[in-house]
Amino acid sequence: MDVKQKVKLVIERLKNLYPDAKIALKFENPLQLLISTILSAQCTDERVNEVTAKLFQKYRTAEDFAKASLEELAEDIKSTGFYQQKAKYIKEACQILVEKYNGEVPKTMEALLELPGVARKTANIVLANAYGIVEGIPVDTHVRRLSQRIGLVKANQPEKIEKELMEIVPKEEWFIFPYLLQAHGRKVCLARKPKCEECVIKDLCDAYTSKN
DNA sequence: CTCCCGATAT
DNA sequence: ATATCAGGAG
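Position 41, counted from 1, in the first sequence is what full-length UniProt numbering calls 41; the numbers after and before it change by one each time, with no gaps.
Everything labelled a hint here was simulated from the structure, so no lab data went into it. Each residue gets a CB set at the ideal place from its N, CA and C atoms; glycine is no exception. Careful, some of the hints might be misleading.
List of simulated lysine-lysine pairs, PhoX-like, C-alpha gap at most 25 Å [unchecked claim]:
| # | residue 1 | residue 2 |
| --- | --- | --- |
| 1 | K154 | K211 |
| 2 | K6 | K78 |
| 3 | K154 | K6 |
Computed beta-carbon distance windows for the label pairs [said to hold, decoys possible]:
| # | residue 1 | residue 2 | range |
| --- | --- | --- | --- |
| 4 | E72 | A111 | 39 to 49 Å |
| 5 | S79 | E104 | 24 to 34 Å |
| 6 | L17 | A119 | 51 to 61 Å |
| 7 | S210 | K100 | 26 to 36 Å |
| 8 | Y101 | M166 | 24 to 34 Å |
| 9 | L17 | Q42 | 35 to 45 Å |
Required output: the full structure, derived from the provided sequences and hints.
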């Protein structure tokens, strides 16, 4: 089957299965989304939401984070893992926001990529969910795993995977696509033990059809 | 490529 | 015990 046709069927079936698929991180403004997304590296969204519920009470503006004690900030985000790195990223990124962007989160890919701790995946998420600007497809661990298992892409590096996906996923689906794969990745197409028998797209999946 | 790194599932 | 969780920097 043509890979573009396959993508359309995958999207159609997953939309039907997960009609409410959307970002799982809780945020009230672009700054909160930026911080949450940085924290979400190698950590479940659920835990990030637990941490940010308290964090965003304590730190309300980019200035608050920029002025924060590194040790204290690290302690505040400890349970998300990689806490020393993430604390530095957040503090330094917010210092840049204060100095260059009047304390606001910039709206361009170029400006976002200059922030420490922010690469394409994080930038794509912030642009799309805070500003409605869809320039690409954020490739996280779920998007990568499912895209490879199903056989939508051949590449291994996130940036190459994103490029391949942008060529086969219709642009109007770029926004919803990663959330559909994330929902399916968390409920059915698990990393360690995928529940292939209850999967609604197993007939389209290379990993499944090659084993059965 | 390695390092950062706590919490949970298996 | 080990793999994995909305990654990114050096």
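These are the hints, each one checked on the structure:
1. K154 / K211: OK: K154 and K211 at ~18 Å, within 25 Å.
2. K6 / K78: Violated, at roughly 41 Å.
3. K154 / K6: With a Cα-Cα distance of about 15 Å, the restraint between K154 and K6 holds, given a limit of 25 Å.
4. E72 / A111: 39 to 49 Å: violated (28 Å)
5. S79 / E104: 24 to 34 Å: holds (28 Å)
6. L17 / A119: 51 to 61 Å: Because 30 Å falls outside the window, the suggested range is violated.
7. S210 / K100: 26 to 36 Å: At 50 Å between Cβs, range violated.
8. Y101 / M166: 24 to 34 Å: Taking Cβ atoms as reference, Y101 and M166 lie about 27 Å apart, which means the hint holds.
9. L17 / Q42: 35 to 45 Å: violated (27 Å)
Comparing the model with each numbered hint stated earlier shows that hints 2, 4, 6, 7 and 9 do not hold.
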